[in-house]
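Visitor: Quick note, the sequences are listed as chains R and W, same order. Residue 611, in the working numbering, is where the first sequence stops; the numbers in between run on with no holes. Residue 1002, in the working numbering, is where the second sequence stops; the numbers in between run on with no holes.
Check each hint, because a few of them may be wrong.
Facing chain W, from chain R, some residues (calculated, C-beta under 7 Å) [unchecked claim]: (1) ILE3; (2) GLN179; (3) GLN180; (4) ASP184; (5) VAL213; (6) LEU258; (7) GLY260; (8) SER262; (9) ASN328; (10) PRO439; (11) MET443; (12) ASN541; (13) SER583; (14) VAL586; (15) MET589.
Derived from the structure by calculation, the hints contain no laboratory data. Ideal Cβ placement from N, Cα and C applies to all residues, glycine included.
What follows is the residue order along each chain.
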Amino acid sequence: MNIFFDQTINGLVIGNIYALMAVGLALIFGTANLINFAHGSVYMAGAYVGWTCVTYFGFPLFLTFLVVMLFCALLGMLIERVGLRPLQNSARIAPLLATIGISFILDQLAQIIFSPQPLALPPLISTKRFSLGATSIGVLDILIASVSLISGALLYVFLRYTRMGWAIRATAQDRDAAQQMGVDVNRVNQVTFAIASALGGLSGMLVAMYFNVLTPTMGFQAGLKGFAAGLIGGLGNVPGAIIGSLLLGLIESYGVALLGSSYRNLFAFVILLVVLVLKPNGIFSKGRQLPPEPMTGTFIASSKPVQIPRSVLIGVSVLAFLLPIISNNYWLSVFTTALLYGILALSLTLVAGTAGLMSIGHAGLLAIGGYTSALLSLRLGLPFALALLLAACVTAILGMLLVMPAFRLRGHYVSIATIGIGEIVSLTILNWESLTGGPVGLMNIPPPSLFGFEFYSNRSLYWLSLVLLLGLALLQWQLVRSHIGRTLRAIREDEVAAQAYGINLNRYKGIAFAASGFIAGIAGVILTHSYTYINNETFNNTISVLALTMVILGGRGNIIGSILGAGLLIVIPELLRDVLGESFIVYRMLLYGLLLVLFVRWRPQGLLGTV
Amino acid sequence: MKLHRASRSVGVVALLALLIIMLSSCGSNSAQSSNEPIVIGVSGPLTGTNAQYGEQWKKGFDLALDEINSKGINGRKLEYIFEDTQADPKQAVVVANKFVANEKIIVELGDFASPASMAASPIYQRAGLVQFGFTNSHPDFTKGGDYMWSNSLTQDDSAPLHADYVHALGLKKIGVFRLNTDWGKTTYDLFAQRAQELGIEISAVEAYLPEEKDFRSAITNIKNSNPDGIVFISYYGDGALLAQQIRAQDIHLPIVANGSNYSPKFIELGGDAVEGVYLSSNFAPTDPRPEVQEYLKKFREKYNEESDYFAAHAYDTMILIAAAIEKGGATREGVKKGLETVKDVPSVVYGKVTFNTETRRVQEPVDVRLVIHNGNFEVWDGSLPASSASN
């Protein structure tokens, strides 16, 4: 009983921290209908601005909070101006890519300005603690709780009773209708971003005070958790976001008490999935009704895909086969990586593009494929070809089964569910030590081989990857232009209409995910066997984000586009290596982010357009 | 077929990119002349989540190079090329190929984490280029081939010493926090084995992920197992956070941390909370050995800050590699031969380094027992913790 009480207090304290983050994200999601990947970076920026105010200028706490909020509000407005407004009339997904780029830029800037070393924040308020049972709460805990409750209450009042609040809610409900009624939608978005970012920055500062430490990369994980928390309460619902956060904190806390720290995030994401499946609108919604957004169709902007003549494609393929003759081993390995990530992008573009189900958990599929074939070769001594085939099938089946609960979700909810699924896969690998070796991983995985020939050299690995990529691309092309492809596109454009026409949605979504899993599984197998060593960190969630970036960049559903996207995103960072030289290497990821933002401005529908 | 305007510009971009690639792949290296510098490749994180460690490496390397290049190696200067991999396997593999293709590079150092280093190992092994993984504590790293070498502390040595320190402090029942990575897991297993031999009971273990920031619930678990001491198998960042949150819960049990917490950042981030923490370290500022004192003094002069574990290790590695090159010759094979034959190279971390040519690891590191007193690392004077009084 005593333990229960302690863990309850612990859970409420950490839940309050999630709440600060979740409120801002909920607000932006509500009005702009955007998963703001840059929000974690704003949170980080808030912490660093606060640190500067305190250590350089010696500002008192209250003034520091004010400066932080003001700075972050301006930063939020800037993000809206650069990342959202110019892309308003293009594909709905384009701003998501822009915010990924912006978050790269902000994180890297912090690293350049403040060094990558963690910084300490001197204690700013009384460290007095009040004991409560066996545990205790401090002044800071109370401050954080009051800030999140007060800001939640203020927001509620603002949204409910002010003209601007009405405008925000109207825009959230129907942007076009609001505009027609004379609401300045751009201004609404600007205000939303300003408020949400000010809160995000403040939470960054409070968390930095709480943990007494700041790092340039502190935002990403915080953003993920904030999203999970907000979703549990219902996105776009401010009081819900706060209660959802407290619940998440509590559940995690009890989970740790039961099974230990390694299972903490597993609890968080399993709960997230359960909520998504049972109550996709958050636990405070009535019944199991679907989110009110007509999202599926609006995701895809109508654009004409670029037609590339067949002769050019054949020519490029032939050139690709001849490349090893002139290229050195370094560039050959760059291209091999690009080809293998091309396979991954191919797999993702099938579900994210053709079927309109934006998955941000594809690294999980790589991991399933890689671990399956590694275990089959190591433990059972199966030949590579057999292991490859079996692993691809296992990935197809597991991939489909894991996503199945999320089939009834649409739009951004699919993305969030798949983030959760990706995390669950990675945490299962970490904790299932008897099978996967846990953090120690699997080593001495044999290189790919066929009929006694080992694909050991760079050239042979390149050719193997090229043949697989071209083969799978052709297969996918056949699939996409068959009735299955047409059906998937119909589902993407309008689920209700497709269903009315007699299409079994789950069956076709299942086919899409199974095919996608099969292809991603193959990429995972080849990567794993060429690395010869993997552990739970090899295929992490940054790969999922990278894969999505490739797909959006190339043009969703566009087979050639996804391969081009993969090629560019693997080759560009390597090119920057030589262009920048050693002294400017720290600007590499900064430029990468900048290029992403520019690309999306230039071709919001993707380089080759959506198919 | 009519080409769309956009696709034409795409084509132009693609062509340009291809051209640059082809151009850069043409440049091959001419034979080395006797005055050209000797080049080392470093593969490690300069951006991304592990960038802080790459930055410490650089400080250690640069300091060592100042020293080495004041004399030179047979009249030649030593240089390194640091390629950023973000400790990401896919970039580490590519960088490995880049280094292997560059004939000037005769030895490679890194990468930071096992998934990246060990993914690159086959490439180095095949090319016959020594991969010197100086932070690779994974027990199987050097089993990747006879070109995989490491002077990282094998936990075979340091983890039992850590347990011995716990024993010397008179602690009988301990709660353990460990990082849930390959390093944390292997270290813990060896630590627990020795602890068992010494009759120390481990009442609870909490394994946490590297990005974890909140330990309140885990601390409650440890606390409820009623230990009389707490052990950290952590890095300085999370170690400092742990100490703070433990003290904030009014738990005043003695804390015994392992060597990778040795960093001025541990004290800076931990503040009052790390006061009185015991550390089983490999070197100490008060260590009278001249190589330690010399190193710390020079580090302070150059960077105006205290060295940490990672910088000291990088410094040591560079000195060691220079000695191996001097001994075996400035070629790829020479480095390997040099590493096999060097004897008693002076070292900050180990005192003296000689390799076991079977395991390609260093034997018998020095263990210094430290305690944090008034915000400084001091050598432990042998007094037992006044615990249990506060419990």
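Visitor: Each hint: holds or not?
Guide: Now for the hints, and whether the structure bears them out:
no., hint, result
1, ILE3, "holds, 6 Å"
2, GLN179, "violated, 29 Å"
3, GLN180, "violated, 32 Å"
4, ASP184, "violated, 32 Å"
5, VAL213, "holds, 5 Å"
6, LEU258, "violated, 9 Å"
7, GLY260, "holds, 6 Å"
8, SER262, "holds, 5 Å"
9, ASN328, "holds, 5 Å"
10, PRO439, "holds, 5 Å"
11, MET443, "holds, 5 Å"
12, ASN541, "violated, 11 Å"
13, SER583, "violated, 10 Å"
14, VAL586, "holds, 6 Å"
15, MET589, "holds, 5 Å"
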